[in-house]
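Colleague: One letter stands for each residue in the lines below.
2 protein chains.
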Amino acid sequence: MSKSLPKRSEDYSLWYNELVKRADLAENSAVRGCMVIKPYGYAIWEKMQQTLDKMFKDTGHTNAYFPLFVPKSLFEAEETNAEGFAKECAVVTHYRLRANPDKKGSLMADPDSKLEEELIVRPTSEAIIWSTYKNWVQSYRDLPLLINQWANVVRWEMRTRLFLRTAEFLWQEGHTAHASKEEAIAETKQMLEVYATFAEEFLALPVVKGVKTPNERFAGADDTYCIEALMQDGKALQAGTSHFLGQNFAKAFDVKFATKEGGLEHVWGTSWGVSTRLMGALIMAHSDDEGLVLPPKLAPIQVVIVPIYKGQEQLDIVSEKANDLRKKLLAKGISVKYDNADTQSPGWKFAQYELKGVPVRIAIGQRDIQNGTAEVARRDTKEKKVYSLENLENVVADLLDEIQANIYQRAFAFRESHITEVNSYEEFKDVLENKTGFVSAHWDGTPETEERIKEETKATIRCIPLTQVLEDGQCVLTGKPSKGRVLFAKAY
Amino acid sequence: MSKSLPKRSEDYSLWYNELVKRADLAENSAVRGCMVIKPYGYAIWEKMQQTLDKMFKDTGHTNAYFPLFVPKSLFEAEETNAEGFAKECAVVTHYRLRANPDKKGSLMADPDSKLEEELIVRPTSEAIIWSTYKNWVQSYRDLPLLINQWANVVRWEMRTRLFLRTAEFLWQEGHTAHASKEEAIAETKQMLEVYATFAEEFLALPVVKGVKTPNERFAGADDTYCIEALMQDGKALQAGTSHFLGQNFAKAFDVKFATKEGGLEHVWGTSWGVSTRLMGALIMAHSDDEGLVLPPKLAPIQVVIVPIYKGQEQLDIVSEKANDLRKKLLAKGISVKYDNADTQSPGWKFAQYELKGVPVRIAIGQRDIQNGTAEVARRDTKEKKVYSLENLENVVADLLDEIQANIYQRAFAFRESHITEVNSYEEFKDVLENKTGFVSAHWDGTPETEERIKEETKATIRCIPLTQVLEDGQCVLTGKPSKGRVLFAKAY
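Just so you know, the protein sequences line up as chains A and B, in that order.
Heads up: the first sequence at position 343 corresponds to 343 in full-length UniProt numbering, and the numbers run straight through without jumps.
Heads up: the second sequence at position 32 corresponds to 32 in full-length UniProt numbering, and the numbers run straight through without jumps.
Derived from the structure by calculation, the hints contain no laboratory data.
Be aware that one or more of the hints could be misleading.
For identical chains, the list gives no copy identity; a pair is met inside one copy or between any two copies.
What the hints assert, rightly or not - Dumping the calculated DSS-like pairs for lysine-lysine here, alpha-carbon to alpha-carbon at most 25 Å:
(1) K21 / K57
(2) K382 / K209
(3) K297 / K103
(4) K54 / K332
(5) K251 / K103
(6) K134 / K356
(7) K385 / K209
All figures in this text were calculated on a predicted structure; none of them were measured in a lab.
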């Protein structure tokens, strides 16, 4: 708290790292690339989980739990998927430790406990889950299977960043099986909508819904749908994906069903997931140089009340009013903290709750007691206003809604002003370099062009937007014909 | 569904295994010793989680998340703990797969990706958490730290059984740090009370609270408190433990704090956990030869309504009444399913919901419509009674409370009738062999005696009950003096 945060304008990356640590969201651990999610950060993640979990259940899904480990032979079964993840897999080879004869007090993997078959720590669970579905599906009556799991997964990333890219992360992964292609595609799209709604209504994060190019597809999918968000530094962030798996995993794991008509067919699959990466998106989309800015719907503490007083007598009077207000706010379902700790000054507390992104701060002092008022400060705009204590709980409830809407609007305006249509490669590079954000450009549809643009500019095709307008155009790099614009950006 | 369950009286173990599978709670996976928790089983676990999570928060704890992996050097730091778990650790040695040159289409751990330091998949998280606490604790102002995590852990068990003993299991582990020994002990005891309350009020499972002997202590603890329950086959099951860690981990990880008085001292620790093993306890304590018997507070479906009808016209009339009742039950917070599937007969459904342990089944048929009644069947006693549809929602609400209480009472009566005081080794062996249950006996307090009794009878000291009466006696094996009785039993 002693030093102020680095400024976004000076070093966005450093600002992010410092903010995550100082706001007590997460920190690096003793394990390379793995993070510790601290209580305040975890409280936000819990709110995300609860909200999503309800949305999944409301759309007919149930939770289950599948093993952390995937035997190598199962992992290999769907080749595209295996190839896609092989380079970042943690591998368990032994199941016991023993004393190390060469180093007193030290242990080593016991050579006698070498596994016959290595176990992969799941980087994603299609393999283990589809090997299970094989036994769960016999007939069309067993379909659809609509299952989600909340779990940890491990992908051995070389360059890691708290929340954005970590070797272990927490996520949910939905895995569904259907009797028809149409139904599986409808499920894929439905879950994309669930994610988009969640991002916009809870994270206050406007997203572009789209489809990935084959290059950027999930390994093993026929189509990957995604939601793409824009961060304040003009870089994009993939916030969620929903995959239409076709019959790829059904074929790899021999999952067939007896159709109503008496035939025998492979089932159709989907999978979809969001992860603790959303924490990174939340932070980078809204926060400022003073600290976090949390949308009220995800803030662990929505309102903090800080007493301003000299001496115990004043504190007692203020506390009575504060506790009265606290109860009224709680009764309205608002989470509120009354911080009467005498170890810190009000100024220190103000800065602390700004750093933590508490949406509304209420200060009550001696003069307020005389006037029957309180000072209400918004975290998002930093406006302060004095209100009557009477009916303040309703004012605050409305204010929280207003803040939620305002944070979204602000991010939306920023995003809208950072989607630039370009028609030449010069312009393309100029926007990426100077204005940043999404670049809407024609592309000739080949992976080679996509790859070359990526090499030359670091921009990738974030998605082919679902709202893509069909129009004749020329590829921004090759001049070859194109049928519509796609969105490029540098991305996290 | 075609075959009936094995009978408890004939093969308790087989009955348990079959019940877990047929009631769709869990099944074995392709990974040795790891289970798949199926949606119905997971729904029960979710109810346990939600309840416990609230109890933890109400006692001041917050959730966080720590890494899955523990670097070997940290794992070794607390020697007793390391020794205790070394023999059942999954070890990650590589972080990448590559094509296997000797076998086309197959992958192998890439020798170039060998880790400099092996990573242990956490069997429990004291090591990784205390290595983190070192940075979180400087002064008495940072204490107490009251943190819980919901996580998966891996202990490489050789003989596994669904829920009771699996290589991977789900659990919560609380890890707290305190400024004084007294406070840490008070926390240890508080969490034991939380577990006991949870077991008795939600699982409907009477438990004995006690302390473990040094032999049975958690590796690295100064004292292990436990709750011990009795299963219907007369074997005991440890349902939760709460450990007073003394300063063992603080010393191993050098976690010190500046005291109020200006000194520098090691902090005091606790840890406590319950796991998916509770699912096993729940099943084995209450269920019968027809299937699960679930306490209403943990039942995913509390009430099922089954229509009895011939033809669509009758179904329409019954459905109207059933849906009306369904809404009234839902409005009272009761989870209810109306099963109007036309693919199965009412008889099949009755058997199915018995197997699944749904506490209350309501059947509505043509005659009921004429009389304005419904037939209500309790799962626990199998009693059936006809009630007026009017006000039935209140009757059912009361009935659910009654069932919850009855299941507890039944288990309590069984437990009470299976605690036997014995005063000779002959009697001791006889009770263990024939009557089964807890044997309350004098013990000379030595690990040698404890060990010999275990070898000769397979019974272990489950705990020294907190309610132990101090009385002079003679050890049941050696005749040496004893100051009070302890509880022996064969155990899961």
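Colleague: Decide, hint by hint, whether the structure agrees.
Modeller: Now for the hints, and whether the structure bears them out:
With identical chains, the CA atoms of K21 and K57 are at most 25 Å apart between copies only, with a shortest distance of 24 Å across copies and 34 Å within one. Neither within a single protomer nor between protomers do K382 and K209 lie at most 25 Å apart by alpha-carbon distance, with minima of 32 Å and 53 Å respectively. In this assembly of identical chains, the alpha carbons of K297 and K103 never lie at most 25 Å apart, being 54 Å within a copy and 53 Å across copies at closest. For the homomeric pair K54 and K332, the shortest alpha-carbon distances inside one copy (21 Å) and between copies (20 Å) are both at most 25 Å.
When the C-alpha separation of K251 and K103 is checked against a cutoff of 25 Å, the pair qualifies only between copies, where the shortest distance is 22 Å, while the shortest distance within a copy is 50 Å. Taking the shortest alpha-carbon separations for K134 and K356, only the inter-copy value of 23 Å comes in at or below 25 Å, while the best intra-copy value is 47 Å. Taking the shortest Cα distances, K385 and K209 never come within 25 Å of each other, neither inside one copy (39 Å) nor across copies (55 Å).
In summary, the numbered hints that this structure violates are 2, 3, 7.
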